[in-house]
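First residue of the sequence shown? That's 46 in our numbering, and the numbers climb one at a time after it.
Warning: the hint list may mix true and false statements.
As the list claims (entries may be wrong) - Pair by pair, the computed Cβ-Cβ distance ranges are:
#1 P73 - G130: 15 to 25 Å
#2 V85 - K127: 29 to 39 Å
#3 A133 - A99: 15 to 25 Å
#4 R124 - G83: 14 to 24 Å
#5 G64 - S132: 11 to 21 Å
#6 D96 - A63: 11 to 21 Å
To be clear, the hints were calculated from the coordinates, so they are not data collected in a lab. Built from N, CA and C at the ideal position, the CB exists for glycine as well.
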Amino acid sequence: MPGRRRPRPTSVALVTRAGCTLCAQAEPVVVRAAADAGLVLELRDVDDDPDDLARWSDKVPVVLLDGTEHACWRIDERRLRKALGLSA
Numbered sequence: 046m047p048g049r050r051r052p053r054p055t056s057v058a059l060v061t062r063a064g065c066t067l068c069a070q071a072e073p074v075v076v077r078a079a080a081d082a083g084l085v086l087e088l089r090d091v092d093d094d095p096d097d098l099a100r101w102s103d104k105v106p107v108v109l110l111d112g113t114e115h116a117c118w119r120i121d122e123r124r125l126r127k128a129l130g131l132s133a
């Protein structure tokens with residue numbers, strides 16, 4: 046429906062992999078946005094969990110908001126902040 050807002054997310058997770066350059070670039074962006082939104086960021090290594098590995102291996106880094114994929118590969122800080130109910 047036009048004009049309807051989604052509820053503000055209550056959880057943020059960043060799925061990464063050791064040695065991933067894009068992951069290293071994404072982490073400070075996601076850490077900052079989560080902190081500004083007053084949310085605790087869950088950092089997950091894709092290689093530590095078989096389910097994460099099967100689902101996200103080709104997409105790291107992946108930002109999950111309330112368990113749903115918000116973004117992968119290159120993280121747009123403005124878009125993430127907006128999704129978290131913050132000003133860009």
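A quick look at each hint next to the structure:
Take P73 and G130: their Cβ atoms lie about 20 Å apart, and the range 15 to 25 Å holds. Under the hint 29 to 39 Å, the C-beta atoms of V85 and K127, about 20 Å apart, miss the expected range. At about 34 Å, the beta-carbon gap between A133 and A99 misses the expected band of 15 to 25 Å. In this structure the supplied range 14 to 24 Å holds for R124 paired with G83, their Cβ-Cβ distance being about 19 Å.
Separated by about 34 Å at the C-beta atoms, G64 and S132 break the suggested range of 11 to 21 Å. Distance hint check: the CB atoms of D96 and A63 are about 18 Å apart, consistent with the given range 11 to 21 Å.
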